[in-house]
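Student: Let the sequences and hints guide you as you build the complete structure.
Going down the list, the protein sequences come from chains A and B. Note that our numbering has the first sequence beginning at 1, numbered continuously upward. Note that our numbering has the second sequence beginning at 1001, numbered continuously upward.
Calculated directly from the structure, the hints in this document are not laboratory data. Model, not experiment: these values are computed from the prediction. All residues carry an ideal CB built from backbone N, CA and C; glycine is no exception. Fair warning: there could be bad hints in the mix.
[As the list claims (entries may be wrong)] Residues from chain B shown here face chain A by an in silico Cβ test under 10 Å; the list is partial:
| no. | residue |
| --- | --- |
| 1 | Leu1030 |
| 2 | Ser1033 |
| 3 | Cys1282 |
| 4 | Ala1289 |
| 5 | Asp1320 |
| 6 | Leu1324 |
| 7 | Asp1342 |
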Amino acid sequence: MGDILKLVGQRLGLGLVILLVISIIIFFMVELLPGDIAQAVLGQGATEENLAALRKEMGLDKPAFVRYFGWLGNAIFLDFGNSVVTGEKVSTVIGARFANTLFLACYAAVIAVPVAIVLGILVALLRNSIFDRVANVLTLTSISSPEFFLGYILILYFAVKWGMFPAIASLSEGMSFGELLNRTFLPALTLVLVVVAHMMRMTRAAIINLLASPYIEMARLKGVPPLKVIVRHALPNAWAPIINVVALNLAYLITGVVLVEVVFVYPGIGQALVDAVSKRDFPVVQACCLIFAATFILLNLAADVGAILTNPRLRHPK
Amino acid sequence: MSIFVITYYSLLLAGSTAAAFFNKRSIFTLLFSLTLVSFVVGIIGGPGGLRAIAICAGILALAAMVSYSFREFLIMLAGPEVAKELRTAPLTAAFGMFVIFTYAITGIFAPWIAPFGEAEVISSAFAPADENMLLGADQLGRDMFSRLVYGTRNSVGLALTATCLAFFLGAGAGLLAAVKGGWFDQLMGRIADVIMSIPSLIFALLMLSIFGPSMPVIICAVAIIYAPRVFRLTRAVAGNVVVMDYIEAAKLRGEGTGYLIRREVLPNSMAPLIAEFGLEFCFVFLLVAGLSFLGLGIQPPTADWGSMVRENATLISFGDITPLIPAAAIALLTVAVNFVVDWMLFRSSGLKEH
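Tutor: Now the structure itself:
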């Protein structure tokens, strides 16, 4: 057990270091602006007094690394300063939206993960048959389409032509849970289509890799029925790659969600990020980037740790 | 029961019976499962559903015929060595090559193909299609078809430039790291780790918010984001080559780093790199399309597929599919490149499954 704990500890430490480096990149990238933030926000026509006032308000008169530690220290307690456009606290702007985004991602994941794993195993068992080829072409098409293409096709058919689901995923206070699921169904389905395709392909590859190993051959040769080969011999060793696949794809959801939110006008953090980028609202951009990056790293970390924990060779050391 | 439905089922059943009789098992399975699916679709969707299936099958058959002819055409043109390779290409790969070829022609000869200029306002906003305009007008009254044609040049050109730059940076660093090793290798590896642990779209948005959306910024940002992937692959492939005896021999001869990279390592790690170039292009293309869909890509009035979708998206709520055509064009090219890459990977590597 000691080995596993050490490995997991190492991974966690590495993740923390990378997160720190990324926070440095995100903070100091803004320093690369020609002029400074105050100049960029107020534009060319700003008077000296206005510039000086804004600089003082944002603490730009202090050296950069002092401001960095102040920013990082506040960020740990989820305080990202004030928006330079509206003057509101960034955490109040983003907080509720982040919950919405998480809800959408979870909704998509709950549908996508079981479907993808079952289909992936099925396709791996039927490999090189005509169904496998058709599935290959279909998943490849789904992966290759931009998210907004899939999203608009779903809107065109499910919302405009057949009128089954609303095209715009607006949320309001006091909606029942069923209503919520109904309104966010199309954005979730878009994400599901992309993620299922990715996950199916990766699951298929992982299982096929496994089925080629000698102990499976051995089990087959001694006459174990096919289903038992899968359940008893292949699956225990397949968990590690499958968990890896799931976590990696959940990390992929994090990026996919930005485009989908814009297509469906969903009040999530991705939409906030895109708005902030076009308005050059740097505190919001920094906060959103940090949150996205942290989630991404966390999920990748989960993939690593999951793979270590489910690896039978590490769990039962000789 | 309309005549269409009767013909539909009798054709399917006749086809599957014939396939069964001539012992073509896979064709039989395909046709017969299609028949079974048609029963379900027919009950739920009526003749409309069946018609949709028939149209899809027709399009697929057409694509198959085009790819078959295109492959034969390429085999005729190519020399005996290449022709032998081409004969092993599956139809999907041939289809991919055909699509890439068409896009290349469209992009190169855009000014001659397009009937109007890309920024030329010729009618009222959202004017419907007529004999003058194949696909109607966009939100400012510009010809959609012309913008689509020019978009091939702009969107694909931008993605291609960015991919080339990413490749140049990534492959250069990877080869150097493999040959030199030591601290340089370590440093590059750690930098790649950090860049790859930020989601690509988020990193691109961060850079664009700071430097503003302009062509050089987009190219550099995308190149920086995707160079680490190329670096990793090149480093791994070249790492296997560097330990070979002939590299040792070249080193003992006293050859410099430049010679080792150009003449010894690069030629022996070319095959996977070319396949990676295709994959990388797909990623870059989708990222750039996403950015321009968000209004942060190529700026107007330059025609670009991603922003065309966004600008005309209101038409979708009236049931019009014109705004989806640029998006479909993006998807089609990515699928095509993926098909070709699939075949190349299958040919060159140990992906051959038993």
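Student: Each hint needs a verdict: does it hold in this structure or not?
Tutor: Hints and how they fare:
1. For B/Leu1030, the suggested interface contact is upheld, since its CB lies about 5 Å from the closest CB of chain A, less than 10 Å.
2. The criterion of a C-beta within 10 Å of any C-beta in chain A is met by B/Ser1033, whose closest approach is roughly 8 Å, and the hint holds.
3. Restraint check, B/Cys1282 versus chain A: the minimum CB separation of about 7 Å is within 10 Å; hint holds.
4. Because the closest C-beta pair between B/Ala1289 and chain A is about 5 Å apart, less than 10 Å, the hint holds.
5. The interface hint given for B/Asp1320 holds, since its Cβ lies 9 Å from the closest Cβ of chain A, which is under the 10 Å cut-off.
6. Residue-level restraint check for B/Leu1324 holds (minimum Cβ-Cβ distance to chain A is 6 Å; threshold 10 Å).
7. Hint on B/Asp1342 holds. Least Cβ distance to chain A is approximately 7 Å, under the 10 Å limit.
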